[in-house]
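Kindly generate the complete structure, drawing on both the sequences and the hints.
If you count by this note's numbering, then the sequence shown holds residues 19 to 263, one letter each, in order.
I should point out that these hints are in silico values taken from the structure, not numbers from a laboratory. Please read all numbers here as calculations on a predicted model, not as lab measurements. Where a beta carbon is used, it is the ideal one built from N, C-alpha and C, also for glycine. Misleading hints may appear alongside valid ones.
[What the hints assert, rightly or not] Simulated restraints, written as ranges between beta carbons of each label pair:
1. F195 x Y53: 47 to 57 Å
2. E252 x K55: 51 to 61 Å
3. A165 x L234: 19 to 29 Å
4. E187 x K55: 24 to 34 Å
5. L123 x L234: 29 to 39 Å
6. V108 x N78: 19 to 29 Å
7. D42 x T229: 52 to 62 Å
8. V108 x E252: 57 to 67 Å
9. N86 x F261: 25 to 35 Å
10. Q109 x R257: 48 to 58 Å
11. L30 x A145: 41 to 51 Å
12. A165 x F249: 20 to 30 Å
13. A34 x I258: 32 to 42 Å
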Amino acid sequence: LKPQWLSEAPELDAQATCSFYFNDSGKLIIYDRFYWKELDHTPVTADSWQQLAIFHDYINHRWSLWLNGSEVANSVQFAPYAHADFIAGVQACLAGAGSANWDALTVDSLIPAELSGVGETYSTWAANYSWALAGDDAATANPDGDAWTNLEEFGRGSNPLLADAGEIERGGESGRFAFRLQRSLLTEGLRYEFETSPDLSNWTTAPELATTAEVLADDGSTQTVEFSTAFGTEPWFVRIILFQP
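If you want it as C-alpha coordinates, here you go:
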(Lines of atoms letter the chains of each structure in order from A and count residues from 1; the text may use other names and numbers.)
(Lines give C-alpha, C1' and ligand atoms only; values in the text may rest on other atoms or scores of the structure.)
Protein backbone atom coordinates (compact mmCIF):
# COMPACT_ATOMS: atom_id res chain seq x y z
CA LEU A 1 0.00 0.00 0.00
CA LYS A 2 1.19 3.51 -0.85
CA PRO A 3 -1.08 5.55 1.44
CA GLN A 4 -2.28 9.12 1.30
CA TRP A 5 -1.60 11.05 4.48
CA LEU A 6 -4.63 12.60 6.19
CA SER A 7 -4.60 15.68 8.42
CA GLU A 8 -7.80 14.63 10.18
CA ALA A 9 -9.68 11.41 10.90
CA PRO A 10 -11.94 10.10 8.11
CA GLU A 11 -15.65 9.49 8.58
CA LEU A 12 -16.29 5.95 9.78
CA ASP A 13 -18.68 3.36 8.41
CA ALA A 14 -20.76 2.21 11.40
CA GLN A 15 -20.29 -1.43 10.34
CA ALA A 16 -16.49 -1.25 9.92
CA THR A 17 -14.66 -3.83 12.03
CA CYS A 18 -11.35 -1.97 11.98
CA SER A 19 -10.24 1.43 10.72
CA PHE A 20 -6.87 3.18 10.50
CA TYR A 21 -5.06 5.93 8.58
CA PHE A 22 -1.65 7.61 8.36
CA ASN A 23 -1.55 11.15 9.74
CA ASP A 24 0.56 13.93 8.21
CA SER A 25 3.47 12.95 10.47
CA GLY A 26 3.66 9.45 8.98
CA LYS A 27 2.15 7.78 12.06
CA LEU A 28 -0.63 5.19 12.05
CA ILE A 29 -3.85 6.21 13.78
CA ILE A 30 -6.22 3.35 14.64
CA TYR A 31 -9.80 3.26 15.86
CA ASP A 32 -10.01 1.30 19.13
CA ARG A 33 -13.71 0.69 19.78
CA PHE A 34 -14.74 4.27 20.70
CA TYR A 35 -11.78 6.52 19.91
CA TRP A 36 -8.81 7.18 17.64
CA LYS A 37 -5.30 6.70 19.00
CA GLU A 38 -1.81 7.17 17.58
CA LEU A 39 0.52 4.16 17.46
CA ASP A 40 4.12 4.24 18.64
CA HIS A 41 6.32 3.34 15.67
CA THR A 42 8.93 4.89 13.41
CA PRO A 43 7.13 7.32 11.07
CA VAL A 44 6.87 6.26 7.45
CA THR A 45 8.07 8.56 4.69
CA ALA A 46 5.76 10.22 2.22
CA ASP A 47 5.06 8.57 -1.13
CA SER A 48 6.60 5.22 -0.07
CA TRP A 49 5.21 1.70 -0.17
CA GLN A 50 4.13 0.11 3.13
CA GLN A 51 3.19 -3.50 3.91
CA LEU A 52 0.21 -3.84 6.21
CA ALA A 53 -1.23 -7.06 7.67
CA ILE A 54 -4.47 -7.23 9.64
CA PHE A 55 -5.69 -10.18 11.70
CA HIS A 56 -9.43 -10.30 12.48
CA ASP A 57 -10.60 -12.33 15.48
CA TYR A 58 -14.31 -12.61 14.74
CA ILE A 59 -14.97 -14.68 17.88
CA ASN A 60 -13.76 -12.04 20.35
CA HIS A 61 -14.30 -9.04 18.01
CA ARG A 62 -10.69 -7.89 18.11
CA TRP A 63 -8.01 -7.18 15.51
CA SER A 64 -4.24 -6.81 15.33
CA LEU A 65 -2.07 -4.84 12.91
CA TRP A 66 1.44 -5.27 11.52
CA LEU A 67 3.41 -2.56 9.70
CA ASN A 68 6.19 -3.81 7.43
CA GLY A 69 6.34 -7.13 9.30
CA SER A 70 6.37 -5.72 12.85
CA GLU A 71 3.36 -5.80 15.15
CA VAL A 72 2.22 -2.28 16.05
CA ALA A 73 -1.25 -2.99 17.55
CA ASN A 74 -2.55 -6.07 19.34
CA SER A 75 -6.06 -7.18 20.28
CA VAL A 76 -7.74 -3.88 19.36
CA GLN A 77 -11.52 -3.90 19.84
CA PHE A 78 -13.91 -3.75 16.88
CA ALA A 79 -15.99 -0.60 16.46
CA PRO A 80 -19.10 -0.83 18.72
CA TYR A 81 -21.61 -1.36 15.90
CA ALA A 82 -19.54 -3.83 13.89
CA HIS A 83 -21.07 -7.30 14.06
CA ALA A 84 -19.46 -8.95 11.04
CA ASP A 85 -18.45 -12.61 11.30
CA PHE A 86 -16.40 -12.64 8.08
CA ILE A 87 -14.45 -10.19 5.90
CA ALA A 88 -16.92 -8.44 3.59
CA GLY A 89 -14.73 -5.85 1.92
CA VAL A 90 -12.01 -3.20 2.13
CA GLN A 91 -12.73 0.52 1.77
CA ALA A 92 -10.18 3.30 1.11
CA CYS A 93 -10.88 6.92 2.08
CA LEU A 94 -9.27 9.81 0.20
CA ALA A 95 -9.07 13.52 0.98
CA GLY A 96 -9.53 16.05 -1.80
CA ALA A 97 -7.69 15.16 -4.98
CA GLY A 98 -5.21 12.86 -3.24
CA SER A 99 -4.58 9.25 -4.15
CA ALA A 100 -3.61 5.94 -2.58
CA ASN A 101 -2.39 2.80 -4.33
CA TRP A 102 -2.78 -0.92 -3.66
CA ASP A 103 0.00 -3.12 -5.00
CA ALA A 104 -1.51 -6.44 -3.80
CA LEU A 105 -4.24 -7.60 -1.45
CA THR A 106 -4.25 -11.14 -0.02
CA VAL A 107 -6.86 -12.74 2.25
CA ASP A 108 -5.96 -15.88 4.21
CA SER A 109 -7.14 -17.77 7.29
CA LEU A 110 -3.61 -18.09 8.74
CA ILE A 111 -1.25 -15.48 10.16
CA PRO A 112 1.90 -15.36 7.99
CA ALA A 113 4.81 -16.95 9.85
CA GLU A 114 7.21 -14.12 8.89
CA LEU A 115 5.35 -11.52 10.95
CA SER A 116 7.02 -10.54 14.22
CA GLY A 117 5.27 -10.45 17.57
CA VAL A 118 2.57 -12.85 16.41
CA GLY A 119 1.95 -14.31 19.84
CA GLU A 120 0.07 -12.62 22.67
CA THR A 121 1.56 -12.80 26.17
CA TYR A 122 -0.54 -13.75 29.18
CA SER A 123 -0.43 -10.24 30.65
CA THR A 124 -1.58 -8.68 27.36
CA TRP A 125 -4.35 -11.27 27.05
CA ALA A 126 -5.52 -10.72 30.64
CA ALA A 127 -5.65 -6.95 30.10
CA ASN A 128 -8.37 -7.49 27.48
CA TYR A 129 -10.94 -8.51 30.10
CA SER A 130 -12.84 -6.67 32.84
CA TRP A 131 -12.25 -8.71 36.00
CA ALA A 132 -14.86 -8.43 38.76
CA LEU A 133 -12.60 -9.05 41.76
CA ALA A 134 -8.97 -8.46 42.66
CA GLY A 135 -6.95 -11.55 41.83
CA ASP A 136 -9.41 -12.80 39.20
CA ASP A 137 -6.77 -12.13 36.55
CA ALA A 138 -4.20 -14.48 38.16
CA ALA A 139 -3.03 -17.35 35.99
CA THR A 140 -4.24 -19.90 38.57
CA ALA A 141 -7.63 -18.23 39.12
CA ASN A 142 -10.89 -19.58 37.68
CA PRO A 143 -13.47 -16.76 37.88
CA ASP A 144 -16.03 -18.45 35.61
CA GLY A 145 -15.98 -21.66 37.67
CA ASP A 146 -15.53 -24.08 34.78
CA ALA A 147 -12.91 -26.80 34.37
CA TRP A 148 -10.16 -24.41 33.19
CA THR A 149 -7.87 -21.98 35.01
CA ASN A 150 -7.11 -18.65 33.38
CA LEU A 151 -3.77 -19.95 32.10
CA GLU A 152 -5.53 -22.91 30.51
CA GLU A 153 -8.15 -20.58 28.99
CA PHE A 154 -5.25 -18.54 27.59
CA GLY A 155 -3.71 -21.69 26.11
CA ARG A 156 -7.04 -22.84 24.66
CA GLY A 157 -8.03 -19.47 23.22
CA SER A 158 -11.26 -19.40 25.24
CA ASN A 159 -13.02 -16.72 27.31
CA PRO A 160 -12.02 -16.80 31.03
CA LEU A 161 -15.28 -15.07 32.02
CA LEU A 162 -17.60 -17.45 30.18
CA ALA A 163 -17.92 -21.00 31.56
CA ASP A 164 -17.04 -23.75 29.07
CA ALA A 165 -18.52 -27.22 29.31
CA GLY A 166 -15.75 -28.74 27.21
CA GLU A 167 -13.09 -31.05 28.61
CA ILE A 168 -10.18 -32.89 27.05
CA GLU A 169 -11.75 -35.39 24.68
CA ARG A 170 -10.66 -39.01 24.98
CA GLY A 171 -10.70 -41.63 22.25
CA GLY A 172 -8.52 -44.05 20.35
CA GLU A 173 -8.78 -46.98 17.99
CA SER A 174 -6.71 -49.86 16.62
CA GLY A 175 -4.97 -50.53 19.92
CA ARG A 176 -4.15 -46.89 20.66
CA PHE A 177 -5.26 -44.48 23.37
CA ALA A 178 -5.83 -40.92 22.16
CA PHE A 179 -6.85 -37.59 23.63
CA ARG A 180 -7.62 -34.29 21.97
CA LEU A 181 -7.19 -30.74 23.16
CA GLN A 182 -7.76 -27.24 21.83
CA ARG A 183 -4.81 -24.88 21.68
CA SER A 184 -4.56 -21.26 20.60
CA LEU A 185 -2.24 -20.17 17.79
CA LEU A 186 -2.21 -16.60 19.13
CA THR A 187 -0.34 -17.16 22.39
CA GLU A 188 3.28 -16.49 23.23
CA GLY A 189 5.35 -17.80 26.12
CA LEU A 190 3.50 -21.08 26.80
CA ARG A 191 5.17 -24.47 27.02
CA TYR A 192 3.32 -27.80 27.16
CA GLU A 193 4.75 -30.82 28.99
CA PHE A 194 3.37 -34.35 29.21
CA GLU A 195 3.75 -36.63 32.23
CA THR A 196 2.59 -40.20 32.92
CA SER A 197 2.04 -42.09 36.17
CA PRO A 198 1.01 -45.61 37.21
CA ASP A 199 -0.64 -44.42 40.44
CA LEU A 200 -1.30 -40.64 40.30
CA SER A 201 1.52 -40.13 42.80
CA ASN A 202 4.75 -40.74 40.91
CA TRP A 203 4.99 -38.81 37.66
CA THR A 204 7.50 -39.19 34.83
CA THR A 205 8.06 -36.76 31.95
CA ALA A 206 6.89 -38.25 28.62
CA PRO A 207 8.24 -36.05 25.80
CA GLU A 208 7.51 -38.80 23.28
CA LEU A 209 3.80 -38.02 23.53
CA ALA A 210 4.36 -34.54 22.09
CA THR A 211 5.83 -36.06 18.93
CA THR A 212 2.53 -37.82 18.14
CA ALA A 213 0.64 -34.53 17.67
CA GLU A 214 -1.81 -34.60 14.76
CA VAL A 215 -3.77 -31.46 13.85
CA LEU A 216 -7.41 -32.41 13.22
CA ALA A 217 -8.83 -28.90 12.76
CA ASP A 218 -7.34 -25.44 12.25
CA ASP A 219 -9.34 -22.21 11.88
CA GLY A 220 -6.34 -19.88 11.87
CA SER A 221 -6.63 -18.91 15.54
CA THR A 222 -7.11 -22.28 17.31
CA GLN A 223 -6.28 -25.90 16.56
CA THR A 224 -7.76 -29.21 17.68
CA VAL A 225 -4.78 -31.51 18.22
CA GLU A 226 -4.78 -35.25 18.92
CA PHE A 227 -2.03 -37.09 20.81
CA SER A 228 -1.94 -40.87 20.96
CA THR A 229 0.03 -43.84 22.26
CA ALA A 230 -0.21 -47.62 22.09
CA PHE A 231 -2.14 -49.45 24.80
CA GLY A 232 -0.01 -51.08 27.49
CA THR A 233 -0.64 -54.02 29.80
CA GLU A 234 -0.60 -51.96 33.02
CA PRO A 235 -2.89 -49.08 34.00
CA TRP A 236 -1.40 -45.62 33.71
CA PHE A 237 -2.45 -41.97 33.74
CA VAL A 238 -1.38 -38.97 31.70
CA ARG A 239 -1.49 -35.25 32.46
CA ILE A 240 -0.62 -32.09 30.53
CA ILE A 241 1.11 -29.23 32.32
CA LEU A 242 1.27 -25.66 30.99
CA PHE A 243 4.33 -23.61 31.89
CA GLN A 244 4.54 -19.85 31.63
CA PRO A 245 8.14 -18.54 31.54
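Open item on the list: Against the range 41 to 51 Å, how does the distance between the Cβ atoms of L30 and A145 compare: consistent or not?
Closed with: Given a distance of about 25 Å, which is not inside 41 to 51 Å, the answer is violated.
Task: Cβ separation of A165 and F249, checked against the hinted range 20 to 30 Å - done: Holds: the Cβ-Cβ distance is about 26 Å, inside 20 to 30 Å.
Task: Whether the CB-CB distance between D42 and T229 falls inside 52 to 62 Å - done: 54 Å, holds
Task: Range hint compliance [Cβ, V108 to E252, 57 to 67 Å] - done: 59 Å, holds
- [ ] Confirm or reject the claim that A34 and I258 have a C-beta distance inside 32 to 42 Å.
- [x] Since A34 and I258 have Cβ atoms about 40 Å apart, the given range 32 to 42 Å holds.
Open item on the list: Range first: 29 to 39 Å. Now tell me if the beta carbons of L123 and L234 are that far apart.
Closed with: 31 Å, holds
TODO: May I ask you to test the hint 19 to 29 Å on the CB atoms belonging to V108 and N78?
DONE: 21 Å, holds
Task: C-beta pair E252, K55: status relative to the range 51 to 61 Å that was hinted - done: Because 59 Å falls inside the window, the suggested range holds.
- [ ] Determine whether the Cβ-Cβ distance between N86 and F261 falls within the hinted range of 25 to 35 Å.
- [x] 33 Å, holds
- [ ] Using the Cβ atoms, figure out if E187 sits within 24 to 34 Å of K55.
- [x] The hint (24 to 34 Å, Cβ to Cβ) is violated, given that E187 and K55 are roughly 41 Å apart.
Open item on the list: Holds or violated: the 48 to 58 Å window for the beta-carbon distance between Q109 and R257?
Closed with: With a Cβ separation near 49 Å, Q109 and R257 satisfy 48 to 58 Å, so the hint holds.
TODO: Could you see if the CB distance from A165 to L234 stays within 19 to 29 Å?
DONE: 21 Å, holds
In terms of the numbered hints stated before, the structure departs from hints 4 and 11, listed from lowest to highest.
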